[in-house]
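Undergrad: Here are the chains, one letter per residue:
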Amino acid sequence: AQKITQTQPGMFVQEKEAVTLDCTYDTSDQSYGLFWYKQPSSGEMIFLIYQGSYDEQNATEGRYSLNFQKARKSANLVISASQLGDSAMYFCAMRELTTSGTYKYIFGTGTRLKVLA
Amino acid sequence: EAGVVQSPRYKIIEKKQPVAFWCNPISGHNTLYWYRQNLGQGPELLIRYENEEAVDDSQLPKDRFSAERLKGVDSTLKIQPAELGDSAVYLCASSLVRRQSSYNEQFFGPGTRLTVL
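Chains as they are written, first to last, in the numbering used here: chain A, 1 to 117; chain G, 1001 to 1117.
Think of the hints as simulated: they come from the structure by calculation, not from any bench. Keep in mind it's a predicted model, so treat the numbers as computed, not measured. Even for Gly, the Cβ is constructed at its ideal location relative to N, Cα and C. One or more hints might be untrue.
Derived CB-CB ranges, DEER-like [what the hints assert, rightly or not]:
(1) A:Val78 / G:Glu1083: 38 to 44 Å
(2) G:Glu1083 / A:Lys70: 26 to 32 Å
(3) A:Gln8 / G:Ala1020: 34 to 40 Å
(4) A:Ser28 / G:Pro1061: 24 to 30 Å
(5) G:Glu1044 / A:Gly10: 19 to 25 Å
(6) G:Ala1020 / A:Glu56: 44 to 50 Å
(7) A:Thr7 / G:Glu1052: 37 to 43 Å
(8) G:Trp1022 / A:Gly10: 29 to 35 Å
(9) G:Trp1022 / A:Asn58: 38 to 44 Å
(10) A:Ser28 / G:Leu1039: 29 to 35 Å
(11) G:Tyr1010 / A:Gln8: 26 to 32 Å
(12) G:Val1055 / A:Ala117: 29 to 35 Å
(13) G:Asn1030 / A:Pro9: 34 to 40 Å
(14) A:Val78 / G:Ser1058: 21 to 27 Å
Isolated chain A, as found in the complex (with noise of 0.2 Å):
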């Protein structure tokens, strides 16, 4: 099954607006991580934003803001103010720990946002 769900497989948005990147994830743990990762056409992943699932408040790193809903199990992305550089992949990822107490990522099959003129 699944466990990082992201239903957008692309997304349009005008320069200047802002966009919301939609994520779902499952797990019984309480503790977990979520992340978002921007990878442009070169390849490489770029970190975005991290939410800890005993934050109270939802995460904000500049333009980036991650709106966390722990009940609906939601992750979604914000990009205010979009730019033609954020055209590029996103992926949404969960972090578990692991039975042996170590960590595991798991990531989504990713939204590709494109950034309109």
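Could you slot chain G onto chain A? The hints should help.
TA: Just chain G now, with coordinates in the frame of chain A:
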């Protein structure tokens, strides 16, 4: 500070040939990850090292894949023999895992794009 370095960036081989990828993590990072990313998909973990110990290799196809992390620093991932289905981008990432921290951000290298003909 230098990021995660991977080489080669691109590799084209014929099926049944061996291939090796090299990764140099960020200095001081104790945890190293190898991921495989198929076209249009998110990264999938192959193996994770904490220092020189492989703590999670459950997703590594051990009949043809092998990995090592010498002295807990550089790592190599090998495929022998390669199959057509191994064509993908192989990503290396590293992090400084602190037990008392819930953050543990991963930093990714640019990846090696493997094409098996």
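Undergrad: Indicate, hint by hint, whether the structure satisfies it.
TA: So, going through the hints one by one against the coordinates:
{"no.": "1", "hint": "A:Val78 / G:Glu1083: 38 to 44 Å", "result": "holds, 41 Å"}
{"no.": "2", "hint": "G:Glu1083 / A:Lys70: 26 to 32 Å", "result": "violated, 42 Å"}
{"no.": "3", "hint": "A:Gln8 / G:Ala1020: 34 to 40 Å", "result": "holds, 37 Å"}
{"no.": "4", "hint": "A:Ser28 / G:Pro1061: 24 to 30 Å", "result": "holds, 28 Å"}
{"no.": "5", "hint": "G:Glu1044 / A:Gly10: 19 to 25 Å", "result": "holds, 21 Å"}
{"no.": "6", "hint": "G:Ala1020 / A:Glu56: 44 to 50 Å", "result": "holds, 46 Å"}
{"no.": "7", "hint": "A:Thr7 / G:Glu1052: 37 to 43 Å", "result": "holds, 40 Å"}
{"no.": "8", "hint": "G:Trp1022 / A:Gly10: 29 to 35 Å", "result": "holds, 34 Å"}
{"no.": "9", "hint": "G:Trp1022 / A:Asn58: 38 to 44 Å", "result": "holds, 39 Å"}
{"no.": "10", "hint": "A:Ser28 / G:Leu1039: 29 to 35 Å", "result": "holds, 31 Å"}
{"no.": "11", "hint": "G:Tyr1010 / A:Gln8: 26 to 32 Å", "result": "holds, 30 Å"}
{"no.": "12", "hint": "G:Val1055 / A:Ala117: 29 to 35 Å", "result": "violated, 46 Å"}
{"no.": "13", "hint": "G:Asn1030 / A:Pro9: 34 to 40 Å", "result": "holds, 36 Å"}
{"no.": "14", "hint": "A:Val78 / G:Ser1058: 21 to 27 Å", "result": "violated, 34 Å"}
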